[in-house]
Amino acid sequence: MRKGGATAMRKRSYGAGASREPAANENKASIKKGFGVLDAFAIVLIIVCLISVVARYVLTDEKGILHNEPEFSDVAVSILISDVMYTTADNFTEDMVFYLDGSADVVGKLDANFTVTPAQYYTDNENGELVLAYHSEEGGNVDIRATLITEGYFSDGTYYLNGKTLLTSGMTITITDSGGTMKVSALVLDIALVS
Amino acid sequence: MRKNGVGGASSKSIRITIVDVIIIITAAVFIAMLIHYTFARDNSGDGYIIQYVVKVAGVRDELSDRITVGDAVYNMEDSLPMGTVTAFSREASTDEKGRTIPGMMDLYVTIEANARPYGVGSAVSGHMIYAEGWLELRTSKFYFGGVCIDVSR
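Heads up: the protein sequence lines correspond to chains A and B, in order. According to the working numbering, the first sequence holds residues 1 to 195 in order. According to the working numbering, the second sequence holds residues 196 to 348 in order.
Because the hints were derived from the structure by calculation, they are not lab data. If a hint is listed, it holds; no wrong ones were tucked in.
Taking lysine to any residue and the SDA-like style, the derived pairs with C-alpha atoms no more than 25 Å apart in a straight line are:
no. : chain 1 : residue 1 : chain 2 : residue 2
1   : B       : Lys336    : B       : Arg255
2   : A       : Lys164    : A       : Ile175
3   : B       : Lys336    : A       : Tyr153
4   : A       : Lys164    : B       : Ser335
5   : A       : Lys109    : B       : Glu257
6   : B       : Lys336    : A       : Ser155
7   : A       : Lys109    : A       : Met96
8   : B       : Lys250    : A       : Leu80
9   : A       : Lys164    : B       : Arg261
10  : A       : Lys183    : B       : Glu272
11  : A       : Lys109    : A       : Leu193
12  : B       : Lys250    : B       : Gly340
13  : A       : Lys183    : A       : Thr147
14  : A       : Lys164    : B       : Ser320
15  : B       : Lys336    : A       : Glu71
16  : B       : Lys250    : B       : Ile344
17  : A       : Lys164    : B       : Glu331
18  : B       : Lys292    : A       : Asp124
19  : B       : Lys250    : A       : Met171
20  : A       : Lys164    : A       : Leu80
21  : B       : Lys292    : A       : Val131
22  : B       : Lys250    : B       : Ala282
23  : A       : Lys183    : A       : Thr168
24  : A       : Lys164    : A       : Leu100
25  : B       : Lys292    : A       : Asn127
26  : A       : Lys109    : B       : Lys336
27  : B       : Lys336    : A       : Tyr160
28  : B       : Lys292    : A       : Leu130
Can you build the whole structure from these sequences, using the hints too?
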């Protein structure tokens, strides 16, 4: 009886182990073989993304099909620099390059046709009214009207300098020369395509 | 025995892994965003039309004719639409003593726009419009900054 009991116990314990192991194997198998629709969808999605990235790169850089950035044009930007020292105007020369507020972003080249006039200011006349007056032509402050030849494009009538900086008349921009020694505020008066 | 076998097979087919959960969540978020941007954005049920007037003081005479009725107006900061110019007038600028400033004009720009409630007031493209508020606006060709002097529904 004892022997038989021991045998039965061994058999029982063996039997219990046998029932667990196949279940575990079954679970592993189900995880390995559980390739469902969602997995396929995920893989397809990843492949489509990769193809899209490659296609965009190829079509943009080589074929130019997706290259939708407009071409830059030469655009004349008329500016008014008010009430600056005459020595500042003396530094103005044709083709000098101006930069945007001390940055490396080029605004444009100075056109030859710029004018320097005595700066305007307001004063009272004998009747107490405000009237325009002008600084002395000798050593007084001056107004500079100039045109900068810039590059950029128009989008819906709005000009984008170098394709990124929005520029309209009425705006005041700060410009510096290439040496960074001159920094002036300029009112944008007009923007027009160079014909 | 067969029935049990079949039952075991069906329980295998609905087993969901963490990857599946991520995909389901991603798809749900994508669909929710699609619905939001397709319908919620265009839902103008709580929108209404307002008119507001902006006074632009001290504009040089040579620039004072750059705004015309019908011009689309945008916010200078984010270029979001702020309405359309429905009326425009200008008059000579004056100083604090009431004297005319030669060569300078004040512009009065009336803009009509779709607005939404914003607190107790109204906002256009997320920008609150109220009298005495400063606005920096532009058309496609002209920048102007001024004070809102009137808002009406």
